[in-house]
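Using the sequences and the accompanying hints, generate a full structural model.
Single-letter residue listing:
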Amino acid sequence: MPSDERYSRQILFQGIGAEGQARIRAGRVLLCGCGALGSAIADSLVRAGVGFLRLVDRDFVELSNLQRQVLYDEQDIAEQLPKAIAASRKLAKINSGVTLEPLVADIDHTNMLALAAGVDLIVDGMDNFETRFLINDAALEKKIPWVYGGCVGSHGQVMPIFPGETACLRCLIGDVPGPGMTETCDTAGVIGPAVNVVAALQVVAALKILAGRRDLVDATLSIVDVWDGTLRKMNVGNLRERSNCPACALGERDWLSGKRGSQTTVLCGRNAVQVSPPVKQALSLTELAGRLQSAGEVSQNAFLLRLSLSGGEFQLTVFPDGRAIIKGTDDVTVARSLYARYVGA
Amino acid sequence: MDPAVPDIRVTIPPALRSLCGRRRGTQEFDLTLAARDIRGLLDELGRRHPQVHVCLCDERGEPRPHINVFVNNDHVRARAGLETPLTAGDLVTILPAVSGG
Numbered sequence: 077m078p079s080d081e082r083y084s085r086q087i088l089f090q091g092i093g094a095e096g097q098a099r100i101r102a103g104r105v106l107l108c109g110c111g112a113l114g115s116a117i118a119d120s121l122v123r124a125g126v127g128f129l130r131l132v133d134r135d136f137v138e139l140s141n142l143q144r145q146v147l148y149d150e151q152d153i154a155e156q157l158p159k160a161i162a163a164s165r166k167l168a169k170i171n172s173g174v175t176l177e178p179l180v181a182d183i184d185h186t187n188m189l190a191l192a193a194g195v196d197l198i199v200d201g202m203d204n205f206e207t208r209f210l211i212n213d214a215a216l217e218k219k220i221p222w223v224y225g226g227c228v229g230s231h232g233q234v235m236p237i238f239p240g241e242t243a244c245l246r247c248l249i250g251d252v253p254g255p256g257m258t259e260t261c262d263t264a265g266v267i268g269p270a271v272n273v274v275a276a277l278q279v280v281a282a283l284k285i286l287a288g289r290r291d292l293v294d295a296t297l298s299i300v301d302v303w304d305g306t307l308r309k310m311n312v313g314n315l316r317e318r319s320n321c322p323a324c325a326l327g328e329r330d331w332l333s334g335k336r337g338s339q340t341t342v343l344c345g346r347n348a349v350q351v352s353p354p355v356k357q358a359l360s361l362t363e364l365a366g367r368l369q370s371a372g373e374v375s376q377n378a379f380l381l382r383l384s385l386s387g388g389e390f391q392l393t394v395f396p397d398g399r400a401i402i403k404g405t406d407d408v409t410v411a412r413s414l415y416a417r418y419v420g421a
Numbered sequence: 011m012d013p014a015v016p017d018i019r020v021t022i023p024p025a026l027r028s029l030c031g032r033r034r035g036t037q038e039f040d041l042t043l044a045a046r047d048i049r050g051l052l053d054e055l056g057r058r059h060p061q062v063h064v065c066l067c068d069e070r071g072e073p074r075p076h077i078n079v080f081v082n083n084d085h086v087r088a089r090a091g092l093e094t095p096l097t098a099g100d101l102v103t104i105l106p107a108v109s110g111g
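Quick note, the sequences are listed as chains U and A, same order. To convert a position in the first sequence, counted from 1, into my numbering, add 76. To convert a position in the second sequence, counted from 1, into my numbering, add 10.
No lab work stands behind these hints, which were simulated from the structure alone. Among the hints, a few may not be true.
[What the hints assert, rightly or not] Between beta-carbon pairs, the in silico distance windows are:
(1) Arg57/A - Gly366/U: 16 to 26 Å
(2) Lys219/U - Gly71/A: 44 to 54 Å
(3) Glu241/U - Arg49/A: 28 to 38 Å
(4) Gly71/A - Gly194/U: 42 to 52 Å
(5) Asp12/A - Ser360/U: 28 to 38 Å
(6) Glu69/A - Ser333/U: 23 to 33 Å
(7) Ser84/U - Arg27/A: 39 to 49 Å
(8) Phe379/U - Asp17/A: 44 to 54 Å
[What the hints assert, rightly or not] Some but not every residue of chain A turned toward chain U, in silico, with C-beta under 7 Å:
(9) Asp17
(10) Ala25
(11) Ser28
(12) Gly31
(13) Gly56
(14) His59
(15) Gln61
(16) Pro75
(17) His76
(18) Phe80
(19) Arg87
(20) Ala90
(21) Leu92
(22) Ala107
(23) Gly111
Cβ coordinates follow ideal geometry from the N, Cα and C atoms, glycine included.
Next comes the structure, spelled out in C-alpha cells:
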C-alpha cells in the first residue's frame, strides 16, 4: 500500500511533516505491557507508522479486559491467547508495514537489558512499580528515553524521562509503595476514557521524541482526571538536582542488578507460589479486605486474609507483612501478576 | 512562630476523599485548611483527618516515598521541602504515584 497516502494526514500536521514522519518510520520502540495502556499505545504507534515495535506482556486475555483494552475481543478469549500474541495479530492487520516482535514474557532483571537492546524509546504500559523501577534502571544504564504512564479509576499521570537530563522515576518516587499502599485497577476499578487519555499523552510524547522533536517534550508530570475534567502539568524540572537520586545521581542500579525485587518461591506439591514484596511494610488486612470485596469472596482473621477469586481457580492468602501465597498455580509469572493486581506493589 | 495562613486549598487522592466525607464535584480542591508551611499543613490534616493522614505520611509525619506534594504547580522538593511557606489561596496537591495500567 502506498505509504504516502496512509500517513498523509499526519504529514500534513505541521508538528510532524515529511521529515518527522520519515524519522517515525525509522523509529524502534519497546512497549512494556500490553494491558489497557499498552494496547491503546500500541494501536496508536502502529497506526502512526513506527518502524519497529517490540511488545512484551506476561498475561492472557480475560473477559474483564474487554471493557477497556482496545486491541482484544471475545475470539482472543476463546482461543486463550496471550496478550502479546493477540495484540500482534491485530496490529499486523492494522499496519503490515510495521515490524512487530511480540514476546510472552515476565520482565525481570535477567531479561530487561536484552528487551531494551536496539530501541530508541521505551513506553510504559505496566501495572506495577517493581517493573517500572527496573525499566528506569535500564533506561538510565543505556541512556534510552522512556515515558512513564499510570492509570486507575478515572485518573492517571504521565512523565517523559530523559536519562541524565530530566528527573527519573526514582527522583519522583523514592521507593516502590509498600504492599497494599496504592490502588490497582482490580481493586479500585478503571474506566476506558481515563486509559485512553493517559495513553494518548504518552503517545504524544513518544511521537515527538521519535520525530526528532524532543525539544518540544516538557519535563513535566501531567496529571489528569477525566471524571473531574482536569488536566494539570506539574513542574518537576529541577527535581533531579534536588533529589540526590540513588539511581540517576549516584548511579545505583538496585533493580537491574537484582538486589531489589519481589521474591517468589514455588511451593512444591502444593500448586502454589509464595510472593514476598520488595518492600517489607506492615499491611492493614482490614483495609485490604475492604478493597477486595468486589474481587471475590474475602475472609479474614487476625493472622491472614484470604481472597477466593470469582472463578474459583485461584486463592490468595495475604499475611500482615505483605507476603502472599497464591494457590492454584505453580507458575511464578501468574502468581506475580495476581499479586500486582490484587495486593499491588 | 508565624501564624497559620488561612484558605490553603488542598486536593487529596480520589481514593481517600470518602474518608473525609468529600465527593469532588466541580471544585478543583477537596479541603480548605490553615497552615504556615507544608509541614504544618500535613500536621493539620493529621489532626482533622487522621485516617487520610496515615495513608499519606509515615510515623515521622513525612510524606511516604510514593506520595508527591505540590504547591500550585511546583514540587515541594524543588522548593523548600516541608518548610515551603504557604500563601493564602495556594493550591496544595497531594498525589500518590499511580501503578495501574
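So which hints don't hold here, by number, going up? The structure breaks hints 2, 9, 11, 12, 13, 14, 15, 20 and 21; every other hint is satisfied.
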